[in-house]
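J.: Letter by letter, the chains look like this.
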Amino acid sequence: AQKVTQAQTEISVVEKEDVTLDCVYETRDTTYYLFWYKQPPSGELVFLIRRNSFDEQNEISGRYSWNFQKSTSSFNFTITASQVVDSAVYFCALSEARRGDDKIIFGKGTRLHILP
Amino acid sequence: GAGVSQSPSNKVTEKGKDVELRCDPISGHTALYWYRQSLGQGLEFLIYFQGNSAPDKSGLPSDRFSAERTGGSVSTLTIQRTQQEDSAVYLCASSLGQGTQYFGPGTRLTVL
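The listed protein sequences correspond, in order, to chains A and B.
In terms of this note's numbering, the first sequence opens at residue 1 and continues consecutively.
In terms of this note's numbering, the second sequence opens at residue 1 and continues consecutively.
Please keep in mind that the hints were generated in silico from the structure rather than gathered at the bench.
All C-beta atoms in this analysis are idealised placements derived from N, C-alpha and C, irrespective of residue type, glycine included.
Accuracy of the hints is not assured; some may be wrong.
Far from chain A, some chain B residues (derived; all Cβ distances over 10 Å) [to be verified]:
no., residue
1, 24
2, 71
3, 100
4, 111
Lysine-lysine pairs mimicking DSS-like chemistry, simulated, CA-CA at most 30 Å apart [said to hold, decoys possible]:
no., chain 1, residue 1, chain 2, residue 2
5, A, 38, A, 16
6, A, 3, B, 17
7, A, 108, A, 70
8, B, 57, B, 11
9, A, 38, A, 70
10, A, 16, B, 57
11, B, 15, B, 57
12, B, 15, A, 16
13, B, 57, B, 17
14, A, 108, A, 3
15, A, 38, A, 108
16, A, 3, B, 15
17, A, 3, A, 70
18, A, 38, B, 17
19, A, 38, A, 3
20, B, 15, A, 70
21, A, 16, A, 108
Between beta-carbon pairs, the in silico distance windows are [what the hints assert, rightly or not]:
no., chain 1, residue 1, chain 2, residue 2, range
22, A, 61, B, 17, 42 to 52 Å
23, B, 68, A, 31, 40 to 50 Å
24, A, 12, B, 8, 31 to 41 Å
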């Protein structure tokens, strides 16, 4: 069965610190997609990244980086030199390609507080 | 057009009344989703439309909830005889394929 676990419910760090948000997933499929979404206090979910299961290359986008490791079924998200504007709830999600649809299973989210 | 839009942004209603929430997906997106997010909670899947296929209603919490999608575009989520536990933010998303969903700003529903 599909499952996404974000064990960290809430994290607080001081501005400029690095922080890593953990995501562990379960799937029986060999082809799947992994996502991260950001939900700032305004409430709207913002798409951050999509990775397919065949691409384990880590990705960096500015201060954001993602570490995809199939061996541990993890897709962790790191924010370097955090800023107050990074404060938000971050959701990890999984979609199985064999389903033939676009249904995504979301984790319960990690609430990140960046303290000034 | 631009992104996914939803209306109203806020809705306050009395217990027992019916409400309709509207979602305008991104033009050309074939898939449309409704989710519910209670205060401080994660996303609860409600219903999914894909093209002309029968919708996946597996997430609807009760028969008071229904949704339709007219012309493969705009969708309306209807909640009949609202209860206080229906209070939440209702989020709509659309996608073109390969899983990436783009979300609207949500409708905050408060049932008094």
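J.: So, for every hint listed, does it hold in this structure?
T.: Here is how each hint holds up against the structure:
1. Every CB of chain A lies more than 10 Å from the CB of residue 24 of chain B, the least distance being 15 Å, so the non-interface label holds.
2. Once the 10 Å rule is applied to beta carbons, residue 71 of chain B is consistent with being away from chain A; the minimum gap is 20 Å.
3. The claim that residue 100 of chain B is not at the interface with chain A is violated, since a C-beta of that chain comes within 10 Å of its own (minimum 5 Å).
4. Separation of residue 111 of chain B from chain A is adequate, the least Cβ-Cβ distance of about 18 Å exceeding the 10 Å criterion.
5. Straight-line distance between C-alpha atoms of residue 38 of chain A and residue 16 of chain A comes to about 19 Å, which keeps the hinted pair within the 30 Å bound.
6. Using a Cα cut-off of 30 Å, the hinted pair residue 3 of chain A and residue 17 of chain B is violated, with the two alpha carbons roughly 36 Å apart.
7. Straight-line distance between C-alpha atoms of residue 108 of chain A and residue 70 of chain A comes to about 21 Å, which keeps the hinted pair within the 30 Å bound.
8. Between the alpha carbons of residue 57 of chain B and residue 11 of chain B the distance comes to roughly 23 Å, so the proposed pair stays at or under 30 Å and holds.
9. For the hint pairing residue 38 of chain A with residue 70 of chain A, the CA-to-CA distance comes to about 23 Å; that is within 30 Å, so the pair holds.
10. Using a Cα cut-off of 30 Å, the hinted pair residue 16 of chain A and residue 57 of chain B is violated, with the two alpha carbons roughly 44 Å apart.
11. Simply put, residue 15 of chain B and residue 57 of chain B have alpha-carbon atoms about 24 Å apart, close enough for the 30 Å limit, and the pair holds.
12. A threshold of 30 Å between alpha carbons decides the hint, and for residue 15 of chain B with residue 16 of chain A the separation of about 47 Å lies outside it, so the pair is violated.
13. Proposed proximity of residue 57 of chain B and residue 17 of chain B is supported: the alpha carbons are some 22 Å apart, at most 30 Å.
14. Our distance criterion of 30 Å between C-alpha atoms is met by residue 108 of chain A and residue 3 of chain A, whose separation comes to about 11 Å.
15. For the proposed pair residue 38 of chain A and residue 108 of chain A, the alpha carbon gap of about 12 Å is at most 30 Å, so the pair holds.
16. Between residue 3 of chain A and residue 15 of chain B the alpha-carbon distance is near 35 Å, which puts this suggested pair outside the 30 Å criterion.
17. Distance hint between residue 3 of chain A and residue 70 of chain A is fulfilled; the C-alpha atoms sit about 15 Å from each other, no more than 30 Å.
18. Distance check on the hinted pair: residue 38 of chain A and residue 17 of chain B sit about 33 Å apart at the alpha-carbon level, beyond 30 Å; violated.
19. For the proposed pair residue 38 of chain A and residue 3 of chain A, the alpha carbon gap of about 19 Å is at most 30 Å, so the pair holds.
20. The hinted pair formed by residue 15 of chain B and residue 70 of chain A fails the criterion: a straight-line CA distance of about 48 Å is larger than 30 Å.
21. Only pairs whose Cα atoms come within 30 Å are accepted, and residue 16 of chain A paired with residue 108 of chain A is accepted, the gap being roughly 26 Å.
22. As the Cβ distance of residue 61 of chain A to residue 17 of chain B is approximately 45 Å, the hint placing it in 42 to 52 Å holds.
23. Remark: the range hint 40 to 50 Å for residue 68 of chain B to residue 31 of chain A is contradicted by a beta-carbon distance near 32 Å.
24. The beta-carbon spacing between residue 12 of chain A and residue 8 of chain B, approximately 34 Å, falls within the hinted interval of 31 to 41 Å.
Checked against the numbered hints listed earlier, the structure breaks hints 3, 6, 10, 12, 16, 18, 20, 23; every other hint is satisfied.
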